[in-house]
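Asks: Residue strings, one per chain:
There are 2 protein chains.
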Amino acid sequence: MSLAHVLLGLLGRAPASGWDLGSRLAGDPALGWSAERAQIYPALRRLLRGGFVALRRRRSSKGPPRREYRITSAGRREFREWLAEPLEIPKPHAASLARLAFLEKRSPETRLASLELYRILLSEKLTHTPPGTTAARRRRRMLLETELHWADAEIAASLSGRTLSPEGR
Amino acid sequence: MSLAHVLLGLLGRAPASGWDLGSRLAGDPALGWSAERAQIYPALRRLLRGGFVALRRRRSSKGPPRREYRITSAGRREFREWLAEPLEIPKPHAASLARLAFLEKRSPETRLASLELYRILLSEKLTHTPPGTTAARRRRRMLLETELHWADAEIAASLSGRTLSPEGR
DNA sequence: CGGCAGTATATAAATGTTTATATACTACCG
DNA sequence: CGGTAGTATATAAACATTTATATACTGCCG
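Chains A and B supply the protein sequences, listed in that same order. The first sequence finishes on residue 329 if you use my numbering, and the numbering steps up by one all the way, no holes. The second sequence finishes on residue 329 if you use my numbering, and the numbering steps up by one all the way, no holes.
By construction, these hints were calculated from the structure, which means they are not laboratory data. One should not assume that every hint holds.
One copy or two, either will do: identical chains are not told apart, so a pair holds if it fits within one copy or between any two.
In silico DMTMM-like cross-links for lysine to aspartate or glutamate, where the CA-CA straight-line distance does not exceed 25 Å [said to hold, decoys possible]:
1. 251 / 305
2. 265 / 312
3. 251 / 188
4. 251 / 196
5. 285 / 238
6. 265 / 276
7. 265 / 188
8. 265 / 180
9. 222 / 196
Using the sequences and the hints given, assemble the complete structure.
Replies: Shown next, in the form of structure tokens:
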């Protein structure tokens, strides 16, 4: 199970609560994993039962008491073993990519509109992605840039394919 | 559920059996979705019950009778509606990417070894990925190329960071 | 001081995915 | 003719993920 290991990895940097981990996971796509908090809380419980993390309750000025977890040495060992497993090229698994795969099934107009929307999403993501300080972040940024180029090229192709369409009224 | 819609999309190109669909899905990463056959067979049953596909049994010279499905007009409608849903930037969800995100936690030696292994996987994938005939395939290929550049850059950086290591004996 | 907004944890139910295993049919080899 | 390799379908069990909902605590605004 990767979620547990990613959580261990994050806890290796600093102790955190389930809430914190949810925010970090959501905020850093370069981590390569995402999860809802509803999944994180039970995962932390399992890690606690397994002795991979330790718990300290702290009351906070805002909201109910925080349950802060920190990684144990057993957790560090487990994480290291997971980290050493062999890499492979990930298979994409995303509804948006599946929709893009059927772009050619759509009318030239909606195809262009989809590409333009996707392009906007990409450029927004890019402006909120500062130049990377880690290999994974540099990777993420380069891929976003490439995808933006791709979108531009496809938009251009789509436009030039339409040059004979009714222009204006 | 995206799997069902991807299957409808594939069946829109040509009728196929569950086996065929499994092969196509496995063979084309640009489709943006992957699934085991154990998931495909029940999905096809549900599509059949829903009237989105029609079934014809055909015995084949090899193996047990094939159950060939073809899309119905209800299926086409359902697919078109799914296709029109808004795109978003996919959140990555892959163990390998998560491992890459913690590259910096590893020793310079294993970091370099991981990058080199990953680089090899990328270049193998690339040689088996012909230049794309669809937008999604072109996208996939460009991203693989970029990732290869990234790996090269990271390997170079990793090597130059090691210039003062013991060289040779 | 009542209610709202934000932080924080939690759980159930539904849904989706993976892994392991079983089975059937045919062709071909030895 | 028996075994095995390849095609094809199928199901159960285990596991993971998403969605919806509930609850608690605090500060602050009106």
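Asks: Which hints, by number, does the structure contradict?
Replies: 5
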